[in-house]
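With chain A's structure known, arrange chain B on it following the hints.
The primary structure of each chain is shown beneath.
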Amino acid sequence: MSIWEYANPKKFMQTSAWALPWVVGLTIALLVTGLVWGFFFTPDDYKQGATVKIIYLHVPAAMMAINAWGMMLVTSLVWIVRRHHVSALAAKAAAPVGLTFTLIALVTGALWGQPMWGTWWAWDPRLTSFLILTLFYFGYMALWAAIEDPDTAADLTSILCLVGSVFALLSRYAVLFWNQGLHQGASLSMDEKENVADVFWLPLLVCIAGFILLFVTMVLLRTRTEIRSRRLKALLARERVA
Amino acid sequence: MKALLLRDLMLAFRSGGGFGLGLAFFFLLSVLVPLGVGPEGGMLGRIAPGVLWVGALLACLLSLDRIFALDHEDGSLDLLATAPIPLEAVVAVKALAHWLVTGLPLTLIAPGLAVLLNLPPAGYSWLVLSLFLGTPALSVIGAFGAAITVGLRRGGLLLSLLVLPLYVPTLVFGGEVVRRGAEGMALATPLALLGAISLGAAALLPFAAASAIRVNLR
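From first to last, the protein sequence lines are chains A and B. Sequential numbering of the first sequence, starting at 1, is according to our numbering. Sequential numbering of the second sequence, starting at 243, is according to our numbering.
Now the in silico label distances, taken between C-beta atoms and shown as ranges:
#1 A/Trp121 with B/Val279: 16 to 22 Å
#2 A/Leu20 with B/Val279: 53 to 59 Å
#3 B/Phe449 with A/Ala122: 37 to 43 Å
#4 B/Ile327 with A/Trp121: 46 to 52 Å
#5 B/Glu330 with A/Leu111: 43 to 49 Å
#6 A/Phe40 with B/Ala430: 53 to 59 Å
#7 A/Ser2 with B/Ala434: 42 to 48 Å
#8 B/Met285 with A/Leu20: 53 to 59 Å
#9 A/Phe138 with B/Val279: 25 to 31 Å
#10 B/Ala445 with A/Tyr173: 16 to 22 Å
#11 B/Arg395 with A/Tyr46: 56 to 62 Å
#12 B/Ala266 with A/Ile3: 54 to 60 Å
Hints listed in this document are in silico derivations from the structure and should not be mistaken for laboratory results. Cβ coordinates follow ideal geometry from the N, Cα and C atoms, glycine included.
Same shape as in the complex, but just chain A (with noise of 0.2 Å):
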């Protein structure tokens, strides 16, 4: 029993279908309670004021948004080292997703920088860094929809994934070069004094895995949809010739 039988799309769907319902539930279950916990029994910050409570959506978005395309980089390097179709379909199935988080993290942010920064909107190098992010987003997800063969648009669509991530890198390195930021730094490390308190931690914890589970639903949801077209497309081909 290896990894790869999963590949299989037969048995990804009978695995999945299995999975999906128990995922389902865990994702609502752990983001009411973080969200609800977070939301109404956590106390204000004495400088923040009630706005500190959109890091229970901001941080596990933009959290989720960097790893989302980290997904897609794996699967893009399974396709094309061993050529899984499920694969490609996950990273393809990934990408509207990602980019969905990373404008939430981009929205949530500007929502909250207005009182708090007195502007929607700041040259910082994090928030530079994701701008470009959606940008990479789109660019794959244009390219996925320009061609038509599916193998073709698999194979160009992993070669601009690998790439995209050296250059998403780098423009994340370089954007810190050009301005000091505004952004606060990291507040949840493991072994780091300045943490966020407790309080605010526990719920953050619990949204951050229900995002995590929320992001494998949907990856999940739309990789079965994938291969259903991808089946149906199959059929009527077949029909057609017959």
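Structure of chain B alone, referenced to chain A:
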């Protein structure tokens, strides 16, 4: 390989359009920006490094789709792919030819346009040097984008959507070199990083571009 380089240069010079167009665009942009933002010299001088770099980048973008599209249309790309030289070398040579007809002329006329934009005198040599180091990266990255979109019918717009995000690091470091040069600050770091991007892109991207062409010719 030399023959291929000469052929590409010849085509660029004789077919007209592509070669002069980038330069004309660069010139027009440098004229339009002062018309748009107003003639106040100090401000123009401050934004000049960025405007010149963005202009060079867009002018480079204009002629990118010609790198492979014409050869793809008349079938010579298939011949090049089956030629005895590796496809990676073909990509590298074509990127070099693109640089010779766009990047290099852009570098050479940039000081003239810097006069229009009132760049502080200390910045001139750094402008030329940074464009000289940075525009090869623009050509190589562009060749990669052109290789990905070569099989597409309406590739032009998609090409710019794919390539412009990849241009970000080059633009940041290039603009930074000129800005620091104009203000007389230390600029060894961004200059070295700019050169590193060009060298890294020239070393690695031909492989990615060649594999994209192989997919497109399949």
